[in-house]
Amino acid sequence: MDFLIFKAPMLMVQASLDGILLGILFALIAYGMALQWGVMNIINIAQGDLVILGGYIAYTMYLAGIHPAWGVVVSPIIMFFVGWALYKLVINKVVDRDLFISILATFGIAIVFQQLMNFIFGADVVVAQSEYGTTMIFDNSVTLPNSKIFSAFISVLYAVALVVYMKKSRLGRAIRATAQNARAAKILGVDTEKVYAATFGINAALCGIAGALISITLTLHPYVGLPYTVRSFMIVIVAGLGNLPAVALSGMGLGLFEEFADYILGTEFRIGAVFMLLVFILVYRRFKLSKKREYLK
Amino acid sequence: MNKLVKLFTIFISAITLTLASISSSFAKVEGDYIVLGSAISLTGKYSSNGVHTQNGYNMAVDRINKMGGVKVGGKSYKFEIIYYDDESNPKRAAQLAERLIKQDGVHYMLGPYSSGLTKAIAPVTEKYKIPMVEANGASRSLFTKGYKYLFAVLSPANQYLEVAIDLAVEKNGGKPVRIAQAFEQDAFSQDVRLGILDAAKRTGSEIIIDDKLPKELNDMAATLAKVKATKPDVLVVSGHTKGALTAIRQISEMKVDVPMLAMTHCDAAKLSKQHGKKSEYALCASQWHKNLSYKDKFFGSGKKYDKDFKKEFGYAPPYQSAESSAALLVFKDAFERANSFDRDKVRDALKTTEMQTFYGNIKFGPGGQNVAKPMILFQVRCKGDTCENKVVAPTKWASDKFYHPIPKWSERS
Numbered sequence: 001m002d003f004l005i006f007k008a009p010m011l012m013v014q015a016s017l018d019g020i021l022l023g024i025l026f027a028l029i030a031y032g033m034a035l036q037w038g039v040m041n042i043i044n045i046a047q048g049d050l051v052i053l054g055g056y057i058a059y060t061m062y063l064a065g066i067h068p069a070w071g072v073v074v075s076p077i078i079m080f081f082v083g084w085a086l087y088k089l090v091i092n093k094v095v096d097r098d099l100f101i102s103i104l105a106t107f108g109i110a111i112v113f114q115q116l117m118n119f120i121f122g123a124d125v126v127v128a129q130s131e132y133g134t135t136m137i138f139d140n141s142v143t144l145p146n147s148k149i150f151s152a153f154i155s156v157l158y159a160v161a162l163v164v165y166m167k168k169s170r171l172g173r174a175i176r177a178t179a180q181n182a183r184a185a186k187i188l189g190v191d192t193e194k195v196y197a198a199t200f201g202i203n204a205a206l207c208g209i210a211g212a213l214i215s216i217t218l219t220l221h222p223y224v225g226l227p228y229t230v231r232s233f234m235i236v237i238v239a240g241l242g243n244l245p246a247v248a249l250s251g252m253g254l255g256l257f258e259e260f261a262d263y264i265l266g267t268e269f270r271i272g273a274v275f276m277l278l279v280f281i282l283v284y285r286r287f288k289l290s291k292k293r294e295y296l297k
Numbered sequence: 001m002n003k004l005v006k007l008f009t010i011f012i013s014a015i016t017l018t019l020a021s022i023s024s025s026f027a028k029v030e031g032d033y034i035v036l037g038s039a040i041s042l043t044g045k046y047s048s049n050g051v052h053t054q055n056g057y058n059m060a061v062d063r064i065n066k067m068g069g070v071k072v073g074g075k076s077y078k079f080e081i082i083y084y085d086d087e088s089n090p091k092r093a094a095q096l097a098e099r100l101i102k103q104d105g106v107h108y109m110l111g112p113y114s115s116g117l118t119k120a121i122a123p124v125t126e127k128y129k130i131p132m133v134e135a136n137g138a139s140r141s142l143f144t145k146g147y148k149y150l151f152a153v154l155s156p157a158n159q160y161l162e163v164a165i166d167l168a169v170e171k172n173g174g175k176p177v178r179i180a181q182a183f184e185q186d187a188f189s190q191d192v193r194l195g196i197l198d199a200a201k202r203t204g205s206e207i208i209i210d211d212k213l214p215k216e217l218n219d220m221a222a223t224l225a226k227v228k229a230t231k232p233d234v235l236v237v238s239g240h241t242k243g244a245l246t247a248i249r250q251i252s253e254m255k256v257d258v259p260m261l262a263m264t265h266c267d268a269a270k271l272s273k274q275h276g277k278k279s280e281y282a283l284c285a286s287q288w289h290k291n292l293s294y295k296d297k298f299f300g301s302g303k304k305y306d307k308d309f310k311k312e313f314g315y316a317p318p319y320q321s322a323e324s325s326a327a328l329l330v331f332k333d334a335f336e337r338a339n340s341f342d343r344d345k346v347r348d349a350l351k352t353t354e355m356q357t358f359y360g361n362i363k364f365g366p367g368g369q370n371v372a373k374p375m376i377l378f379q380v381r382c383k384g385d386t387c388e389n390k391v392v393a394p395t396k397w398a399s400d401k402f403y404h405p406i407p408k409w410s411e412r413s
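Chains E and D, in that order, are what the protein sequence lines are.
Read in order, the letters of the first sequence are residues 1 to 297 in the numbering used here.
Read in order, the letters of the second sequence are residues 1 to 413 in the numbering used here.
A few of these clues could be false.
[What the hints assert, rightly or not] In silico EDC-like pairs for lysine to aspartate or glutamate, Cα to Cα no more than 16 Å straight-line:
{"id": "1", "chain 1": "D", "residue 1": "K270", "chain 2": "E", "residue 2": "D124"}
{"id": "2", "chain 1": "D", "residue 1": "K273", "chain 2": "E", "residue 2": "E131"}
{"id": "3", "chain 1": "D", "residue 1": "K277", "chain 2": "D", "residue 2": "E388"}
{"id": "4", "chain 1": "D", "residue 1": "K215", "chain 2": "E", "residue 2": "E268"}
{"id": "5", "chain 1": "D", "residue 1": "K408", "chain 2": "D", "residue 2": "E280"}
{"id": "6", "chain 1": "D", "residue 1": "K127", "chain 2": "D", "residue 2": "E98"}
{"id": "7", "chain 1": "D", "residue 1": "K270", "chain 2": "D", "residue 2": "E388"}
{"id": "8", "chain 1": "D", "residue 1": "K78", "chain 2": "D", "residue 2": "E388"}
{"id": "9", "chain 1": "D", "residue 1": "K255", "chain 2": "E", "residue 2": "D139"}
{"id": "10", "chain 1": "D", "residue 1": "K255", "chain 2": "E", "residue 2": "E131"}
{"id": "11", "chain 1": "D", "residue 1": "K363", "chain 2": "D", "residue 2": "D348"}
{"id": "12", "chain 1": "D", "residue 1": "K277", "chain 2": "E", "residue 2": "E131"}
{"id": "13", "chain 1": "D", "residue 1": "K270", "chain 2": "D", "residue 2": "E280"}
{"id": "14", "chain 1": "E", "residue 1": "K88", "chain 2": "E", "residue 2": "E193"}
{"id": "15", "chain 1": "D", "residue 1": "K273", "chain 2": "E", "residue 2": "D124"}
{"id": "16", "chain 1": "D", "residue 1": "K212", "chain 2": "E", "residue 2": "E268"}
{"id": "17", "chain 1": "D", "residue 1": "K102", "chain 2": "D", "residue 2": "E126"}
Source of the hints: derived by calculation from the structure; they are not laboratory data.
Next comes chain E alone, as it looks inside the complex (with noise of 0.2 Å):
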């Protein structure tokens, strides 16, 4: 098989454009993870059901007659008190134990989360319409749908002003604080209670964020949300924790990554392309930390 893509030069803007734009979605989600990780020490299985959850809330406006675009300022305030609310009830009985614990609990909470939203919503796949048409470039022969473009802008405005938050507000810093030493935090006056709930809370936002921007861009389903959490995962252990770019990096070249694999191995292999992008990568990292181990022999 010859490739098409080296065939058509438009194919290739295509698909890098494609794969940054899903890529930057991705990596909002990816940022929620990454900061509870880095902050509480907790992976969260649970990560796509809560994108998924928050999709489920703009679709619900939609159905009311409210363009589904808005659920990405209504379903994040939602969202928050939702994983305020999972904290409280779940998450603070696990967080200082060890990390399997926590996985089996989030686990847990992802099927208890499935099957109340198949409750509720049904298990059908539902699309939300925002009729925001298509951008055509290069002689229509490049396309872009608004939606997707709308999903990405949104995403960065977000991610910015999270990081701005985190930065300059007091909550912000308490909640950078405890992630580099919970204990000393504590000693210093912080309620790390209060900061772990709030991270937990601000994950479960930005899940919000990115759901009602797939309920536009892509389809809800019930039962869809791990390839959510497993494609954050891998962007969280490429770019490493609490660092911004690099996981809005780390997001764009896997979504850049998975197009090309897709036009040069074939659709069957772009998942499995990915996922040996990661083993790859783990083994190097792992190689460059034996290195660095020396030193300190």
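Starting from the known structure of chain E, arrange chain D on it as the hints suggest.
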């Protein structure tokens, strides 16, 4: 003394064995009721179609019971179904099938929803020699395993879109066409793909794009960009409801112009409702449509079934419900022809089924698939903002003319 004990034991065990064999060949009939069993997805990812299936079964049970029930040996019996929720999980479905057979003593089964779950249950029913009439497992592999107790009222998956390719060739003046196709990597969609490969071979058509979509995939942009660049005559997509919804969303967003678009699961995805005008001209494979002219004495015509179902359940019946109702008509017919509750006699009667139901003609091939009923194709057509599915093929039942080629996006309002 010892001899006497031995004799006694032999005597007792002989009685038990006889009893066991009688009960196993004549149960499970309790009083006036013939008890059927079904594991069905009431929760989990197939729950909406699982409920459609259950509603279809229940509707037929009520109707048959009201209209005199099943006459066996001069006596009239009623149907009753034991349901268990399989949580959309194949392992659970197989366990529940075992439970229905071994604990509840069910001797006749109705199928679950989806090919995957039917595949999980079939080995169990086969092992215990339990006749199963199923209405929602279309995967070709179900009918190539040599199962003897499995009967499907629906057309196998490979037939879903074969007709579409013939139609494309016909519209192309009998000349071969260039096909682009994208199929999810699951048993059902891959069977649909095999059907297309057969049709392509038969018509000498060329497949220029053959993408296999991963199950987790919710983005088809790459496939569609390829379609845009290669300009095929027909685009075929099958990936359950998610695939259908994603395809229409992205085809409209990326302004992909193809003369013909053929898909599966359009009605399950409520395509014309969810995507409205964007889904116009999509061609969809369906097992059944209310406008078909089949008839039976229980439900009357398809249109009457549609009306009665709406009255009972408050929504229009998808084909999943219609075919499920048909499964019970098949069982009734088989019991009456066998005139017995002996499983093997019922099975033999099922094997020689040849009947018409409101859902279509039913006759089972050697693998258990229904060979008497063709698939139909409908096309989404819109008037103003309301879109409807119109039957366009086969010509015998076509209510509307097949619109071809699809107008370019730049010409669509």
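Hint by hint, here is what the structure shows:
no.: 1; hint: K270/D to D124/E; in the structure: holds (9 Å)
no.: 2; hint: K273/D to E131/E; in the structure: holds (15 Å)
no.: 3; hint: K277/D to E388/D; in the structure: holds (10 Å)
no.: 4; hint: K215/D to E268/E; in the structure: holds (10 Å)
no.: 5; hint: K408/D to E280/D; in the structure: holds (12 Å)
no.: 6; hint: K127/D to E98/D; in the structure: holds (10 Å)
no.: 7; hint: K270/D to E388/D; in the structure: holds (10 Å)
no.: 8; hint: K78/D to E388/D; in the structure: violated (38 Å)
no.: 9; hint: K255/D to D139/E; in the structure: holds (13 Å)
no.: 10; hint: K255/D to E131/E; in the structure: holds (14 Å)
no.: 11; hint: K363/D to D348/D; in the structure: holds (13 Å)
no.: 12; hint: K277/D to E131/E; in the structure: holds (12 Å)
no.: 13; hint: K270/D to E280/D; in the structure: holds (13 Å)
no.: 14; hint: K88/E to E193/E; in the structure: holds (9 Å)
no.: 15; hint: K273/D to D124/E; in the structure: holds (13 Å)
no.: 16; hint: K212/D to E268/E; in the structure: holds (5 Å)
no.: 17; hint: K102/D to E126/D; in the structure: holds (13 Å)
In summary, the structure is inconsistent with hint 8 from the numbered list given earlier, while agreeing with all the others.
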